[in-house]
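Asks: Top to bottom, those sequences are chains A and B.
Here my numbering is used: the first sequence runs in plain steps of one and ends on residue 146.
Here my numbering is used: the second sequence runs in plain steps of one and ends on residue 427.
These are computed hints drawn from the structure, not numbers from a lab.
From the three backbone atoms N, C-alpha and C, an ideal C-beta is built for every residue, glycine too.
Just so you know, not all the hints are guaranteed correct.
Reference excerpt, derived from the structure (chain B facing chain A, CB under 8 Å, subset only) [unchecked claim]:
{"no.": "1", "residue": "Leu215"}
{"no.": "2", "residue": "Ala218"}
{"no.": "3", "residue": "Lys337"}
{"no.": "4", "residue": "Met361"}
Next come the chains, spelled out residue by residue.
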Amino acid sequence: MSTISQYLTEDHEHCDALFAEAENAVARGDWTTAASGFRRFEDDTLRHFEREEEILFPTFESRTGMTGGPTFVMRQEHGQMREVLAAMSGALERHDSGAYLGQSETLLMLMRQHNLKEEQILYPMCDRALADQADALVDRMEKPRP
Amino acid sequence: MSAGAGLAYDQAPSLGLPLAYFLTAPAFLFLAALAGLATLPDWLDSRWSPAALALTHLLTLGFLGMVMVGALLQMLPVLLGRPVPAVRGVARAGWLGLGLGTPLLGLGLGRGEPVLLLAAMIVLLAGLAPILIGAAWVLARARGQSWVAWPMRQAWLALLITLGLGGLLAGGLAGRWAVGDPASLTDLHAAWGLGGWVLILVIGVAYQVVPMLQLTPAYPTWLSRWLTWWLLAGLAAYSLAQVQDDDAFAPAAMAGVVMVALAALAFALATLRVQQRRRRKLADVTLDFWRLGMASLIFCALALPLLERLPEPARISIGIVFLLGFVASVAKGMLYKIVPFLAWFHLQAQTGARAGTIPNMKEMITDRFARRNFRMHLAAVLLLAPAPFLAAPLAVPGLLCLAAAALLLGRNLFSARRLFLAHGGRL
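All chains, please: the whole structure from these sequences, using the hints.
Replies: Now the structure itself:
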């Protein structure tokens, strides 16, 4: 696996782990752990979206000229996931475990089919198109936010 | 087509196409339960009885065929980045072919009616040919994801062999041509259908959906890379030995059977193992369906090498455990994730509604009703597995549970469709 795929796939796995921790805490009724767990999950997931939307996708689009294709769909699905994250956050504040678990079930499916498409199709395309600047791109994505 | 064509938005088929398949599937389960009641005690006596053949095809082509073809239409673009070409026409042809051809085949087999068998063969082959060609087009062009594509290609090949042998046998039964050794060909048809198409496809799909649904670790790489090749080699060894019509090849046939059994066992154990290590600890009806499915598959894999030596009721019982305990459980478990998700996904994409204002997945189909279906299904499997050993009337409660479980599944899937439409979704 080359660098871009590897880096972002590991980031997916990291977010999956945080997702499960928060959801397991909600299922136990441990709202304190759930709240801190959810915040970490939400922060890191949004950060992952930013890495893609602000760094990877624009570079890919300008190199290949493809703006209406795969990156367009991925941005659209990021939008859907932001929606569900907001609904989960609301459920968490209300301590409504039914609503949280219904939304988290939805997010999990959305997230995993999205990740599958990225990992199996889009990232390999990026690896091929951006091989010459892979290291620099990963460095930029890794840099802390200003 | 350029590599960049992957992931275009219009690649996801509209909800109506896979949903037509998913909503029709429970009807075949229900039909199988009714046909089982109507033909008691015939199918309890012999697995090659007309009634048993009819029931088997209602379950494999009718129920499982509907679920698997519907799921493939949806999953091929996601997994391989390309849609099936002319998906609308292909999907409709396949749905009509399975939907009309399967009852015709059931009736034709059940009554031994040549005209019905011939009609069934033509309708099924005409309906499924576009799907086979469309899938071949996608699978031939899949690049870079070989471990995803190979099990699908192998399942495709097994389906082709199964349909070819099935057509040959149906034509023979209908008196259109002479079939040399129908008993041996029937064994091959069953082996490629159940051990090839069904098992390889379930394995290939499981590699993707098991980690996806329960946040489990991935299957071990060596397993996902080689298992289905091993299975295919076992089927090939069995088939080649079987067509020799010479007892000297019996050990080779047995070796093939043992290879298939070992593959099934390895897959079931690996699935239970990765599920054991899942990150997500919530109770989940899909997980329960899959565990029942894997337990059933282990039972069948252990019994398979003994099949020829077991008495007939035991063979029928193993068939019931395979078709209902393994295949139907796994298919139902998938439906309970795919249908509510697709209903939510298309509804949100079409209406742009805020996530909190449309039904989430667990509202599209509630856990309470899904679990009720699981319990009824479990009861059907537990009651029907020993039925071939018992007096015929004792099969009735199991068949009634099967019918009830089919109705519950239909009710639950239609509930997702109803909510989708009620919130402004368009099919």
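Asks: Is the hint on Leu215/B kept, meaning its closest Cβ partner in chain A is under 8 Å away?
Replies: Cβ of Leu215/B sits 5 Å from chain A, so the hint holds.
Asks: Any CB of chain A closer than 8 Å to the CB of Ala218/B?
Replies: Given a least distance of 10 Å, the restraint on Ala218/B is violated.
Asks: Please check whether Met361/B passes as an interface residue: C-beta within 8 Å of a C-beta belonging to chain A.
Replies: holds, 5 Å
Asks: Does Lys337/B pass the interface check with chain A, least Cβ-Cβ distance below 8 Å?
Replies: Lys337/B check passes; min Cβ-Cβ to chain A is 7 Å, inside 8 Å.
Violation of the numbered hints given earlier is confined to hint 2; every other hint is satisfied by the structure.
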